[in-house]
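Asks: Construct the entire structure; sequences and hints are all you get.
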Amino acid sequence: MQTEKQSNSPIKQILQSISDASLVPFLAILTAVVLGGLIIKFVGGDPLLAYKGLIQGSFGTKKALSETAIWATPYIFAGLAVALAFKGGLFNIGAEGQLAVGAVFSSLIGYALPEWLGYDLPVYIHLPLAIIVGMLMGGIWAGIVGALKAYTGGHEVINTIMMNYIALNTTSFLLNGIMKDKSPTNVIARTPLIAESARIAPIFEGLRVHWGFVLALFVALFIWWLLNKTTLGFEIRTVGLNPDAAQYAGINVKRTIIVTMMLSGVLAGLAGAIEVTGLNYRHELGFSIGYGFDAIAIALLGKSHPLGVVLSAFLFAAMRNGATRMQFLTQLPVDLISMLQALILLFVAADAIVRYIYRIKSKGDRVVLTRGWGG
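Just so we're on the same page, our numbering is the position in the sequence shown counted from 1, plus 841.
A portion of the hints provided could be inaccurate.
Restricting the straight-line Cα-Cα distance to at most 27 Å, the calculated cross-link-like pairs of lysine-lysine (BS3-like) are [what the hints assert, rightly or not]: (1) 893 <-> 882; (2) 1070 <-> 1095; (3) 893 <-> 904; (4) 903 <-> 893.
Restraint ranges, calculated between C-beta atoms of paired labels, are given here [unchecked claim]: (5) 1127 <-> 900: 26 to 34 Å; (6) 1085 <-> 1034: 48 to 56 Å; (7) 994 <-> 902: 23 to 31 Å; (8) 900 <-> 1075: 36 to 44 Å; (9) 1073 <-> 880: 41 to 49 Å.
If you're looking for bench data, these hints aren't it; they were derived computationally from the structure.
By construction, the Cβ of each residue, glycine as well, lies at the ideal position given by its N, Cα and C atoms.
Replies: And the structure:
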């Protein structure tokens, strides 16, 4: 009997941990939905009809489900990128730029490599190569910030913001210049279409959801395994909690900071590469605006846990995808969705408010987001 209780104890602990971690975000979402409904009512709308339209537009049909999954895919990758950095005590605001760098280099390999080589590549070589190059370039872009943080004490928040400007403006220069589609019918800043051999196939015929969505779920599982079951993951979490104690324990703090930022950039670059190879089949200026910044909210809402990131990515994707249907039914502005997202983030970030409202005692450690200049 005692042995049975002991064997069930870890399972109960895991379930209790999941329950404790998800309670406050769930109540934050509920509170934001109620408050959002009051605001909708105040401006003359019907809250029930608005939320009905939101649900219908997100999950009401096969096409709606497919489009929600499409929105969720880059959100999962980018959210994992920010969450991984959070676990290491780093605040990566540069996912937007890292995603753009990954996308532009993935598209370059996708359309230009066959021309450089003079022959077509098989899909099992061309597609992985396009994705891997996008990942590597995102990792290198973030690794620069990690090196500056490790060796000079330069704050990653400031540096990632500046790197965003460099990445986005450089991308604009390339897409308006040497990488621009030279087709006579093209008048916007975008690359030529990538080759068929560099494209991810759709999962279902007639729907746009592709295998990149399945990859995103596997990557989330892999990040959970990396953080919780490997030596590197232990080092990342230890440095994130207390770099001085980590150094005293023999962990190479500088190397861990650089590796953490590079892995974060790899995930953001993967988001851009998958958007190019699985959905757009080219890189177009402005296609990813907002992904990297939404990823910060997604990581916060998910409490930097890979499973939480997946769930919060679906929530944000559903709100983005269902906004049009909500607007159609109620004639309310789509900006209300952004307001709802802001309310959710407000209550999640200021969880003391939620705990006070619902009389919940604080449990567990807080995620270290940043340790200050030179920290």
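Asks: Checked against the structure, which of the hints given earlier come out wrong?
Replies: 7
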